[in-house]
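Novice: Given next are the chains, with one letter for each unit.
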Amino acid sequence: MAIFLIIFGGIIIIPFLKVNAKGIAAFILVFINSVLSGYYAIQSLISEVISISLPGGYVFGTIPIRIDALSGWFILIINLVFLTGGFYGLFYMKAYREQRNNLSLHSIAFFLQHAAMISICMIQNSLAFLIAWEIMTLASFLVIIFEHELSITIKAGINYLVQAHVAILFMMIGFIWVASKTGSYDFQAIATYSASIPVSSSFMLFVLFFIGFAIKAGLVPFHTWLPYAHPAAPSHVSGIMSGVIIKIGIFGILRMILLIVTDITSVGYMILIISVISGLYGVMLAIVQHNLKRLLAYHSIENIGIIGIGIGIGCIGMGTGSQVMATLGFTGAMLHTLNHALFKSLLFYAVGNVYQSTHTISIEKLGGLIRKMPQTAALFLIAAIAICGIPPFNGFVSEYIIYIGLYKWLSDATMVPLLAAIFSTAGLAMVGGLALLCFTKAFGIVFLGNARSELPQSCKEAPFLQLLPMYLLVGIILLIGLFPMIFITLLSKPVSLMTGNGAPAFNPAHYEAFSSIQPISFASGLLILVAGSIYMFRKFALKHRKIETGPTWGCGYGSPSPKMQYTASSFVRTYSKLFAPFLSIGKHENEVHGIFPDEVKYHTHPYDKMEKWLIDSPLKTNKAFLGRFVFLNNGKLQFYILYGVLFILSVLSLPILYQYLKSFIDFLKQL
Amino acid sequence: MLSVILILIAAIFFTGVIIRTKSLASGRKGPGLLQPVFDVVRLFRKGVVYSETTSFVFQIAPTIYFASVIMAMLVVPFGQSRGVLSFNGDFIFFAYVLGLGKFFSIIAAMDTGSSFEGMGASREALYSMFAEPAFFILMGSLALLSGHTSFQEIFAALHIGSQISYALAALATFVLLMIAMIESSRMPIDDPKTHLELTMIHEVMILDNSGFDLGLILTAGYVKFAIYGALIVNLFIGVIPYQYAIPSFFGIQFLMAVAIGLIESFMARFRMSHNPQFVVALTSVSLLIFFGVLLILEKFI
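These protein sequences, in sequence, are chains W and U.
According to the numbering used here, the first sequence is numbered sequentially starting from 1244.
According to the numbering used here, the second sequence is numbered sequentially starting from 621.
FYI, nobody ran anything at the bench for these hints, they're computed from the structure.
Warning: the hint list may mix true and false statements.
Stated by the list, open to error - These stretches of chain W come out as covered by chain U in the derived footprint (C-beta under 8 Å, 3 or more residues):
{"hint": "1", "stretch": "1612-1621"}
{"hint": "2", "stretch": "1763-1775"}
{"hint": "3", "stretch": "1801-1809"}
To be verified - Restraint ranges, calculated between C-beta atoms of paired labels, are given here:
{"hint": "4", "chain 1": "U", "residue 1": "S646", "chain 2": "W", "residue 2": "M1807", "range": "34 to 44 Å"}
{"hint": "5", "chain 1": "U", "residue 1": "E672", "chain 2": "W", "residue 2": "I1275", "range": "49 to 59 Å"}
{"hint": "6", "chain 1": "U", "residue 1": "M892", "chain 2": "W", "residue 2": "P1794", "range": "19 to 29 Å"}
{"hint": "7", "chain 1": "U", "residue 1": "V661", "chain 2": "W", "residue 2": "G1564", "range": "55 to 65 Å"}
{"hint": "8", "chain 1": "W", "residue 1": "L1279", "chain 2": "U", "residue 2": "M621", "range": "47 to 57 Å"}
{"hint": "9", "chain 1": "W", "residue 1": "H1836", "chain 2": "U", "residue 2": "V661", "range": "32 to 42 Å"}
{"hint": "10", "chain 1": "U", "residue 1": "I625", "chain 2": "W", "residue 2": "P1794", "range": "37 to 47 Å"}
{"hint": "11", "chain 1": "U", "residue 1": "V859", "chain 2": "W", "residue 2": "L1711", "range": "48 to 58 Å"}
Bear in mind the structure is a predicted one, so any value in this text is a computation, not a measurement.
Glycine is no exception: its CB is placed at the ideal position from the N, C-alpha and C atoms.
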């Protein structure tokens, strides 16, 4: 209780603090909160489930707070990302020092967001859960619209708010369904209720929750808010959004898989299919983006897809009784959740550095930053390699586990599952290849070559303290890449929670399916060693040789200019031509005409086809229909009062009408 | 361990054989079989020239490319003898570690800021992306057929018995050979001997590399070819004892090199815009293999 007082005291104090202290105060609050929740989370991962009951009064009933291993794992990820993000934000927000009130609000919302997310992981009462969820949504809305003077930011924020509330609507329907039948808000009621109804109904219940959480997670086709919200937010917030907020959706899906008793195999197939589509669609759109943050946002969709593939395999494994497959699937999914949180937040922070020094995140305008910001470039490079799932970094480990799960599925299956497995494998391989195309483009165009437009003079490396959290993230990325066993052992409790009801925690060290993890980390280490020794040898060999510099070979052309470099659009031109049916790229061009041509222009703006079909065109039809009733909105007060009166009258007359109707029907029946 | 030695020996002669075949086919005598090796050795002794535009990425990239090929070589088995590294799903490591090399060679090309090298980088990234699913489906089918998930176990358990499995092995050879052509940038995807930068893929990416770095890249290229050759050989030798297996290894590698030389002599390079279709066709061949495996295992409903 004292803790709550301290925390709320802190929130009240923030507005009165000096500008510099606001951020620090928020960071300290996040830190306190992290240490406290982290302590319990580690306890739950190591030893046992922690459960407390809070009195919720007349409205809530008792509120059970339970930190099981699943919550523990997600709480730790949330804490890690919030701590690094908060620390990075302290320096990132320095540029906005004069917006005092705005900063207070931002700091408070930032902390509230953290607190709400931690509570979401713990609370097991649907009413309290929804309230915490709503606090998280509103707080993230506030942190997204920090630069609210830009209309595009406000638009993105409102888009987010609307879609987040659509998600809440679906969850609410699910919770109300259960509560109205059982009269209890406790999550356990969901489990008992879903066990008592036919499978088709409980599957519907799962689908309701799944849609709600999938909107948050950004699975296709519920992803459209994500590419707007991420670029609009300040970079540390984008890092957190992509690192953990969308992961809360994954947490929700996992929680519901634990709770709802239904046909788990169909659930698995549903998640698997949606996830493979998400993975492919996300990366396919990411490649054609020219806004660096949007590109990363679409990559989040892709990675959520990869996590989803893991979850799908896990569920199918459970459904078919293959413990190994289930374990592999869930381990891969949860490890990838951590991995994605690490490298994606790192990427966003690196982009934040780029934005701060160049004031643009349009890929086409950048270039050659590696010479001005070598550390940021190196950090971005490591994260880019990690996100492509390439050894020796962490992305490879989790993708590898998912692959092994898929191949395990192949080994004992019949026709239809086999087809699903082989197409998922091909999809995952394709996603890997496309990610490589995407990140060579992003890194190559932004950091390498020559600048493609005039960059500001002040363009320089970020201060060391701002880079510090990024180095920390790189450290963990490398740690997972080289010693994955540590993290898989940590995961043994949450995974066994998912795979079996009360089964003893598996020990990955003695688990046959994980026997290949150790050789992988050995191979990754050896890779670093081989590369290092070759590099040393090369350095030694070149010591006494002539090393010259000269211009880039221009194929006989004497005066190349930076304008002649390959651009991002040209790098992916063949790709976008081939994938044209899936993409929708608007083009404006002024081609060369005549002997004295005008200025030549070529402008493209990629758009989301899914968004066009699923959101824009229904909205348009809806608007056209409702437009017919515009005459009602005539601006005269008396009319509005009249509408109100009419409405009240019609509501009041409903029961009377019903009575009449009923007696009329009774009368008919008597005849 | 045996595989590493064999691959290295094959790598020394491989390109020489290709060049010799091409020379003979065009009515010339051609250089000695070891000429490519001499060229590389000479490169290793030279100094380097760096472009002013480049950064440290350009300098470490050839090293990492070379290291990735070495690591890929270490997981390749030879018949009954394991690779140096052998574990469940090592072929995933194989594909992804080659991906690391590719990543670096692509960004190194972009580091020079040359429009031509960007062009090559773009094509390389695209084609390797298309080749990836083919490889994974092929390995998945073989894993399904043999019930194992590591290179060595898969190859050891492949029994070439029925006629369908002969067909499968032939198809698998075709897929691996084509992937090798794409990865090592050979005809009909790429023409390494072309003199127009606009039409090159791999060669245009290394225009600015010189001396030691170029030596590393060329060596890695030779080794890469021999690695794929070794994979193809592995499809057939299975349980054959070494005294027959080793000669047949060199025999098949030699045949492969001659075949490539002949293809390059008598076939024109594809139009650049037709390449993706060709590469995607590989995936469908892999799928054919998959259905063949289903047929053998009688898993069709």
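Novice: Hint by hint, say whether it matches the structure.
Specialist: A quick look at each hint next to the structure:
no. : hint                         : result
1   : 1612-1621                    : holds (count 4)
2   : 1763-1775                    : holds (count 7)
3   : 1801-1809                    : holds (count 5)
4   : U:S646 / W:M1807: 34 to 44 Å : holds, 36 Å
5   : U:E672 / W:I1275: 49 to 59 Å : holds, 52 Å
6   : U:M892 / W:P1794: 19 to 29 Å : holds, 27 Å
7   : U:V661 / W:G1564: 55 to 65 Å : holds, 59 Å
8   : W:L1279 / U:M621: 47 to 57 Å : holds, 54 Å
9   : W:H1836 / U:V661: 32 to 42 Å : violated, 55 Å
10  : U:I625 / W:P1794: 37 to 47 Å : holds, 43 Å
11  : U:V859 / W:L1711: 48 to 58 Å : holds, 57 Å
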